[in-house]
Amino acid sequence: MGFAMRMQMNEEIVKRDSFQSLYINGAKNGFSFDVQLAYYRGHYLSDIDLLEVSVDGVKMPREAVTFELNGKEMPVYKLGFAVTEFWSQVVPAKIRVIKKGGLAPGDHELELKLMLRVPYMQIGPGHDFMPLDSGERVTVTVAD
Amino acid sequence: MSKIKLGATLFCYGTEYARYEYDFEECVRQAALAGAEGYEIVGTQMLPSYPNVSDEFLGLVERLRQTYGIGPVGYGANNDKGMRPDRNLTDDEMLADAILDLKAANRLGCKVMRAQYMLSPAAFERLAPYAELFDVKVGIEIHNPETPLSPKMQEYLAVIQRTGSKYLGFVPDFGCFAVAPNKTKWDRALSLGVKEEHLQMAADLRYRGASLEEAQEKLVSAGAHPAIMEALQGMYGFVQFRPKEALPGLLEELSKVLPYSFEMHGKFHYLDEDLVEPSIPYQEILAFLKDTDFEGFLISEYEDEAYCGGTTFTRRHLAMERRILG
Numbered sequence: 001m002g003f004a005m006r007m008q009m010n011e012e013i014v015k016r017d018s019f020q021s022l023y024i025n026g027a028k029n030g031f032s033f034d035v036q037l038a039y040y041r042g043h044y045l046s047d048i049d050l051l052e053v054s055v056d057g058v059k060m061p062r063e064a065v066t067f068e069l070n071g072k073e074m075p076v077y078k079l080g081f082a083v084t085e086f087w088s089q090v091v092p093a094k095i096r097v098i099k100k101g102g103l104a105p106g107d108h109e110l111e112l113k114l115m116l117r118v119p120y121m122q123i124g125p126g127h128d129f130m131p132l133d134s135g136e137r138v139t140v141t142v143a144d
Numbered sequence: 001m002s003k004i005k006l007g008a009t010l011f012c013y014g015t016e017y018a019r020y021e022y023d024f025e026e027c028v029r030q031a032a033l034a035g036a037e038g039y040e041i042v043g044t045q046m047l048p049s050y051p052n053v054s055d056e057f058l059g060l061v062e063r064l065r066q067t068y069g070i071g072p073v074g075y076g077a078n079n080d081k082g083m084r085p086d087r088n089l090t091d092d093e094m095l096a097d098a099i100l101d102l103k104a105a106n107r108l109g110c111k112v113m114r115a116q117y118m119l120s121p122a123a124f125e126r127l128a129p130y131a132e133l134f135d136v137k138v139g140i141e142i143h144n145p146e147t148p149l150s151p152k153m154q155e156y157l158a159v160i161q162r163t164g165s166k167y168l169g170f171v172p173d174f175g176c177f178a179v180a181p182n183k184t185k186w187d188r189a190l191s192l193g194v195k196e197e198h199l200q201m202a203a204d205l206r207y208r209g210a211s212l213e214e215a216q217e218k219l220v221s222a223g224a225h226p227a228i229m230e231a232l233q234g235m236y237g238f239v240q241f242r243p244k245e246a247l248p249g250l251l252e253e254l255s256k257v258l259p260y261s262f263e264m265h266g267k268f269h270y271l272d273e274d275l276v277e278p279s280i281p282y283q284e285i286l287a288f289l290k291d292t293d294f295e296g297f298l299i300s301e302y303e304d305e306a307y308c309g310g311t312t313f314t315r316r317h318l319a320m321e322r323r324i325l326g
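Chains A and B, in that order, give the protein sequences. In terms of the working numbering, the first sequence has 72 at position 72, counting the first letter as 1, and numbering is strictly consecutive. In terms of the working numbering, the second sequence has 109 at position 109, counting the first letter as 1, and numbering is strictly consecutive.
The reader is advised that the hints may include incorrect statements.
Unchecked claim - Computed Cβ-Cβ distance ranges for the label pairs, DEER-style:
#1 56/B - 81/A: 26 to 32 Å
#2 64/A - 273/B: 40 to 46 Å
#3 93/B - 16/A: 22 to 28 Å
As the list claims (entries may be wrong) - In silico DMTMM-like cross-links for lysine to aspartate or glutamate, where the CA-CA straight-line distance does not exceed 25 Å:
#4 78/A - 52/A
#5 15/A - 21/B
#6 244/B - 291/B
#7 94/A - 23/B
#8 72/A - 56/B
#9 15/A - 26/B
#10 113/A - 230/B
Just so you know, the hints here were simulated from the structure itself, not pulled from any lab data. We put the CB at the ideal spot given by N, CA and C, even for glycine.
Same shape as in the complex, but just chain A:
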């Protein structure tokens, strides 16, 4: 991959303290975490080109991942249509992943791939805009 913009104004893009297991009918069946944009301004969700979550190198199925902003939870495929949903850079979004049985207790490598277009920075003729990398790879700990 070529050059991508990244403005890591915050130490944490994925908020470590926000990581927790997710329960379905009382049983651990997934996890969630919060993410802040790595840029100085907010973006429409339709600027998101890629959102993928992997744990210990295994990519989670797209349909099992949701993105929640301002109390509205949506599947990943809808982000491209969300031309009126504006994601402020000081409002973290919540990513939820359904995973049967959840994550085993202990440390895990969590990787969020999050790529956007900087929509006012056209870098070539046509639909070619500066890529913005707002992803992060972190180690998270699942309690017993």
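Since the structure of chain A is provided, determine the placement of chain B on it from the hints.
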């Protein structure tokens, strides 16, 4: 004789804001403490209900005006041509979004809106009657690597002169008068192990007009540390610079767009206690501006490439401007 008012864009405090060290109120308070007589707000950065201005936010803005004595004077618009995944926005769509920006600027009481050249000259022209209704003047930002009379800017100048609209103009950004390399990028390259002689070589190549490709080749064969490439990209990108001998010509260009300039942006990247910006020749620029007919805000804009926050630098910047303007 000019009538210059000093302001600051709250963008100066973008790092503190993103780190939750400052909320909106603290940004306004710091701008007031720095001596700003008004501030610019970048909608996509600090409007909680962007692209709309809520009653609640307007209430906050008014309360802060009472408390700190300053309010918004400029609205920084983004023209998000690439916000759809499948194609660029059309002129019709860009225009419709820009009208919403005018509405936000008007509600906040801003008389000037800074727009970007993603808004085409044709859409810019069609914006004029709406700008008049909202009583908000729209200035296309002249941002490095553009200069006041670079070909792209001349297209806007043609629209302004042909329509004769008092609502269409420019917001020149002093970054386009840079005559030396960006200090922050230079220092970062040094900290990553790049030798100063190689950075100097890169700067010399830029000064004498070598192409980016030629500069890359020369630096590689001179054995420069690979981390020099980021600094080199800057020298050929948004923080490019020209030889100091080019400055009188650039200021001459500025004088041509001055009758249509609603606001100036005092871009800066670094400011030591000596109050001398290392890459942008403020002494010459402000001495020039002082003797013109310019009336309006000079808005300090700190670009925090060092991620150190803008509070101290912004105070120094206004102090520097006051010292030069007398």
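Checked hints:
1. Taken as a hint, the range 26 to 32 Å holds for the pair residue 56/B and residue 81/A, whose Cβ atoms sit roughly 28 Å apart.
2. Between residue 64/A and residue 273/B the beta carbons are some 55 Å apart, a value that contradicts the proposed interval 40 to 46 Å.
3. Between residue 93/B and residue 16/A, the C-beta spacing of about 40 Å breaks the proposed range 22 to 28 Å.
4. Restraint check for residue 78/A and residue 52/A: the C-alpha separation of about 14 Å stays at or below 25 Å, so the hint holds.
5. For a cut-off of 25 Å, the pair hint linking residue 15/A to residue 21/B stands: about 16 Å separates their Cα positions.
6. Proposed proximity of residue 244/B and residue 291/B is supported: the alpha carbons are some 21 Å apart, at most 25 Å.
7. Between residue 94/A and residue 23/B the CA atoms are separated by roughly 21 Å; this keeps the pair inside 25 Å, and the hint holds.
8. With a C-alpha separation of about 21 Å, the suggested pair residue 72/A and residue 56/B falls inside the 25 Å cut-off, and the hint holds.
9. As the CA atoms of residue 15/A and residue 26/B are separated by approximately 24 Å, the hinted pair is consistent with the 25 Å bound.
10. Restraint check for residue 113/A and residue 230/B: satisfied, since their Cα atoms lie roughly 23 Å apart, inside the 25 Å limit.
Of the hints listed earlier, those the structure fails to meet are numbers 2 and 3, in rising order.
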